[in-house]
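**Student:** In case you want the letters, here they are:
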Amino acid sequence: MSKKADTIEREEVVIRFSGDSGDGMQLTGNLFSDTSAFIGNDLSTFPDYPSEIRAPQGTIGGVSGFQVHVGQTAIKTPGDYADILIAMNPAALRATAKWVKEGGTIIIDEDSFDEKGLKKAGYKTEDPFKEDKLDGYNIIEAPISSLTKEALKDMGLDPKSILRSKNMFALGMVYWIFDRPLNYTEDFFEKKFKKKPLVINANKTVLRAGYNYAETMEHLTPSYKVSPAKIESGTYRNINGNLATAWGFIAAAEKAGLELFCGSYPITPATEILQELSNRKDLGVKTFQAEDEIAGICTSIGASFAGDLAITSTSGPGLALKSEAIGLAVMTELPLVIVNVQRGGPSTGLPTKPEQSDLMQALYGRNGESPVAVVAASTPSDCFQYAFESAKIALEHMTPVILLTDGFIANGSEPWRIPQMSEFPEIKAPIVKEGTQDWQPYARDVEKLARTWAVPGTKGLEHRIGGLEKDELTGAVSHDPVNHQKMVNIREEKVQRIANTIPELKVEGDESGDLLVVGWGGTYGHLATAVSQIQAKGKKVSLAHFNYIKPLPLNVKDVFSKFNKIVVCENNMGQFADYLRMTNPEFKYLQYNKVQGLPFTVIELEEHFEKVLED
Amino acid sequence: MAEIQNKFTPKDFKSDQEVRWCPGCGDHAIMNAIQRTLPELGVEKENFAFISGIGCSSRFPYYMNTYGFHSIHGRASAIASGVKVANPNLTVWQITGDGDAMAIGGNHFIHAIRRNIDLNIILFNNEIYGLTKGQYSPTSKFGAVTKTSPYGTVEHPFHPGELIIGAQGKFFARSIDSNIKLCQEIFLQAGKYHGTAVVEVLQNCVIYNDKTHAAISDREHKEDRTIILRHGEPMIFGTNRDKGLILDVENLKLKVVELGDEYSEKDLLVHNSETVNPGLHLMLANMQYPEYPVAFGVIRGVNAQTYDGAIQKQVEEVKSKSKFKCVDDLLKSGTIWEV
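Quick note, the sequences are listed as chains A and B, same order.
Numbered continuously in the working numbering, the first sequence closes out at residue 615.
Numbered continuously in the working numbering, the second sequence closes out at residue 339.
Worth flagging that the hints you see were computed from the coordinates, not collected in a lab.
Treat the hints with care, as some may be off.
Think about it this way: if two alpha-carbon atoms lie no more than 16 Å apart in a straight line, the pair counts; the simulated EDC-like pairs of lysine to aspartate or glutamate are [as the list claims (entries may be wrong)]:
(1) 281/A / 46/B
(2) 332/B / 423/A
(3) 332/B / 434/A
(4) 319/B / 254/A
(5) 319/B / 423/A
(6) 321/B / 282/A
(7) 281/A / 316/B
(8) 323/B / 282/A
(9) 433/A / 316/B
(10) 459/A / 329/B
(11) 325/B / 434/A
(12) 313/B / 282/A
(13) 459/A / 317/B
(14) 45/B / 434/A
(15) 255/A / 317/B
(16) 14/B / 462/A
(17) 325/B / 447/A
(18) 325/B / 259/A
(19) 319/B / 282/A
(20) 45/B / 254/A
(21) 281/A / 12/B
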């Protein structure tokens with residue numbers, strides 16, 4: 001395949017596919033990502049879809065997008081702004097033009113840019129580019145719909161099916177622009193439509209038609225070369241955060257030799273965890289789609305009492321509903337993991353948009369002194385590790401653990417070097433064996449302070465637990481004032497002692513310097529990219545990113561004390577900064593906060609860090 | 001099983017905790033009946049789990065020398081469901097009251113029933129909130145004067161049987177705390193039944209709602225004002241066994257008739273608790289004094305697939321056909337590539 005000489009060589013490039021929610025943009029984006037991964041690029045993706053399932057066609061509310069960032073260097077975010085936008089209709093252009101780099105390329109389906117389409121999208125004139133101030137952008141007007149129809153006219157497909165494959169025309173164009181092979185996508189068609197040769201043929205035809213069209217129009221289209229990235233060798237797959245979370249729990253159950261139980265209620269953006277686990281009956285996973293959020297956690301508490309590794313998945317509003325039951329798990333000291341895939345709040349808020357605003361709810365959102373461990377994952381693929389770690393902590397320390405992810409890493413995906421289960425540690429739950437003499441339900445391990453777990457069905461260990469305060473040894477109901485104080489202290493201390501078993505806080509960059517950027521959870525990709533870019537300019541900036549929130553790693557003071565300034569960056573109003581002020585009050589914490597239902601951009605972070613360094 | 005049967009005595013199921021219900025409370029009698037029933041079930045002691053929510057009756061698990069969980073208000077059905085699905089080998093009993101099951105826990109209660117999870121739910125119905133000292137409950141009679149209804153309630157009570165059958169309940173029975181023998185007979189049937197077995201026990205709260213069931217429980221009238229239904233037996237009742245139930249086909253309702261010249265025993269309905277159609281069961285469950293005798297016994301007991309059994313079966317089936325034998329297989333499934 002001949003390529004024109006002036007190919008643009010790039011270390012990385014960002015592509016955004018945007019169209020109506022029925023246009024298949026998620027599939028198009030995923031296929032492009034897969035092909036890029038196969039040829040060796042590193043990448044990061046983020047789907048951006050509306051909360052309405054099918055908002056009126058052609059309106060801004062119905063725009064569904066998929067952004068992918070591919071590169072030959074390590075890619076940690078889906079990219080701030082797109083180099084290339086594919087807009088399948090006027091609404092897609094209007095909704096996403098602001099996310100295209102200045103002077104970038106915009107490919108539109110000109111067939112959809114008629115008077116009706118423009119009006120539906122809210123344009124007031126016939127020139128949307130002028131209205132959106134896109135002078136100086138490289139606009140490619142391609143008759144995608146009509147060429148798709150033309151390509152398929154003799155196939156005997158109905159008009160609706162023909163039009164539905166126009167996304168493959170756009171994908172074909174993008175493949176030519178980035179010099180990607182078509183065979184991976186063609187293989188996908190073969191597998192997906194195994195029993196429908198006509199559909200396979202149609203999709204292949206349209207894909208190739210788009211590819212050929214771009215080649216023919218080469219004087220108009222730019223072409224990019226993004227070479228393979230230098231990444232650790234191994235076997236890879238793409239994975240998103242929700243899938244990684246579900247699999248992390250299955251892995252933990254295997255390592256603990258327990259059955260996995262998930263009681264849950266569907267809620268955006270956490271539903272996929274329950275869905276994936278319900279697919280995994282093939283590995284013995286039991287799922288229980290409960291009647292509500294409360295029953296979701298309560299069935300899991302019941303399963304935990306009965307001896308399973310029990311988890312429940314939810315998002316912010318669901319965590320609120322579960323809080324009384326989390327208190328029950330605290331009181332009964334049963335192992336349980338609650339995953340909260342955070343979204344914009346309060347109330348129903350922004351269900352499909354990411355935010356980090358449930359931190360305080362996770363730490364304190366319950367009645368009474370009710371300590372739980374809080375862990376946060378930071379990338380789509382490390383959800384696997386932190387789901388595993390959360391389960392390990394819950395089982396070995398006999399405590400509820402809240403695992404925080406968010407809509408950004410839950411739906412975002414990246415290539416993941418597939419680990420071997422032999423790389424992971426054993427999980428040893430303190431299950432009491434039959435025949436144990438003088439066993440007491442609330443007797444504890446001296447180091448961890450974890451009580452032991454006597455599972456129903458074990459002869460001779462019959463006992464009662466419940467939500468009333470417990471005697472410190474027998475677990476019998478106790479209203480004794482001194483005992484209550486003791487139990488409050490023990491429950492808190494038990495969670496604090498988890499710090500002895502978790503890794504120390506790591507610093508990315510020099511261990512001392514002018515500015516320490518502090519973050520937690522799903523902002524890692526943006527913070528790490530911004531910090532490394534600013535380091536490349538010779539600035540003394542480092543990053544300390546937290547995955548363990550409660551308890552905090554033991555070396556926090558050590559790390560913080562070696563920097564002149566600390567800035568805590570979060571997608572909330574400063575909840576982690578406040579938590580650090582409570583737990584480590586001797587430092588001064590600057591804040592950088594953004595609560596727009598959007599991740600940080602690397603650009604805004606860099607600008608802010610430079611400003612902090614100058615101040 | 002025969003060996004285990006009668007291996008235990010009621011005393012084996014008593015815990016060392018002091019029973020703290022009020023003297024004269026109907027809960028004592030119900031617990032006695034359960035402790036007498038358990039040895040008959042042929043289940044090892046360690047395989048019983050008693051799960052409760054909040055309320056006077058929910059203290060029950062503390063007094064049982066079995067595995068027990070006194071949970072939070074209204075959630076016992078959900079917790080019990082989790083216990084049973086996690087370990088189907090356990091025999092799970094849920095102890096609940098009219099507030100716990102039908103007010104704060106109504107949602108979990110109806111869904112456990114709809115799913116037909118193999119639970120024995122003992123519903124202590126005293127038509128009052130006892131633990132909070134005397135407010136009306138969802139089963140308090142219309143107009144009941146209580147601490148939060150000083151001028152009488154203006155809401156209609158739930159009839160548990162109607163709610164349970166409406167939620168596709170497969171097993172519903174009713175008993176009363178003053179008849180321990182009947183309780184035992186019914187608990188044994190509930191215990192042997194596979195599916196959600198709900199037993200409503202009319203229970204007297206001596207402090208806050210004394211004698212709420214007196215009209216049908218006092219010694220003088222109980223035979224005339226209640227009917228004990230047994231599968232395969234004619235629906236006959238009365239101190240002199242001289243009354244019975246027939247179906248008034250014209251008006252599609254039950255009718256009380258006197259046996260004598262006009263009607264004889266063979267005209268009466270014969271109880272069939274196992275019929276799938278819930279129509280007659282619903283009518284029997286809804287019979288109220290004084291128009292009708294209140295029905296005791298197993299009103300409905302239909303065999304059906306249990307949720308826990310179906311889940312277990314599905315997991316085993318899918319597992320046996322699965323190409324994944326361990327997590328490593330799963331991680332390497334689908335689209336992968338080498339770098």
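**Student:** Starting from residue 433/A, check that the Cα of residue 316/B is at most 16 Å away, please.
**Tutor:** violated (27 Å)
**Student:** Keeping to a limit of 16 Å between CA atoms, is the pair of residue 281/A and residue 12/B held or broken?
**Tutor:** violated (39 Å)
**Student:** Under the criterion that the straight-line Cα-Cα distance not exceed 16 Å, is the pair residue 325/B, residue 447/A satisfied?
**Tutor:** Distance ~36 Å between residue 325/B and residue 447/A Cα, so the pair is violated.
**Student:** When you check the alpha-carbon spacing of residue 14/B and residue 462/A, does it fall within 16 Å?
**Tutor:** Since the Cα atoms of residue 14/B and residue 462/A sit roughly 11 Å apart, the hinted pair holds (cutoff 16 Å).
**Student:** Take the C-alpha atoms of residue 332/B and residue 423/A, compute the straight-line distance between them, and say whether it is at most 16 Å.
**Tutor:** Measuring from Cα to Cα gives roughly 15 Å; hence the hint holds.
**Student:** Check whether the Cα positions of residue 319/B and residue 423/A lie no farther apart than 16 Å.
**Tutor:** violated (25 Å)
**Student:** Does residue 329/B sit within 16 Å of residue 459/A, going by the straight-line distance between their CA atoms?
**Tutor:** violated (36 Å)
**Student:** Would you mind confirming whether the straight-line C-alpha gap from residue 325/B to residue 434/A stays at or under 16 Å?
**Tutor:** Cα-Cα ~29 Å, so violated.
**Student:** Is it true that the CA of residue 319/B sits at most 16 Å from the CA of residue 282/A?
**Tutor:** holds (4 Å)
**Student:** Would you mind confirming whether the straight-line C-alpha gap from residue 319/B to residue 254/A stays at or under 16 Å?
**Tutor:** Since the Cα atoms of residue 319/B and residue 254/A sit roughly 15 Å apart, the hinted pair holds (cutoff 16 Å).
**Student:** Does the structure keep residue 323/B and residue 282/A at a Cα separation of 16 Å or less?
**Tutor:** holds (8 Å)
**Student:** Can the restraint linking residue 321/B and residue 282/A be considered satisfied, given a maximum Cα separation of 16 Å?
**Tutor:** Holds: residue 321/B and residue 282/A sit about 8 Å apart, inside 16 Å.
Going down the numbered hints, you'll see the structure goes against 1, 3, 5, 9, 10, 11, 13, 15, 17, 20, 21, while the others check out.
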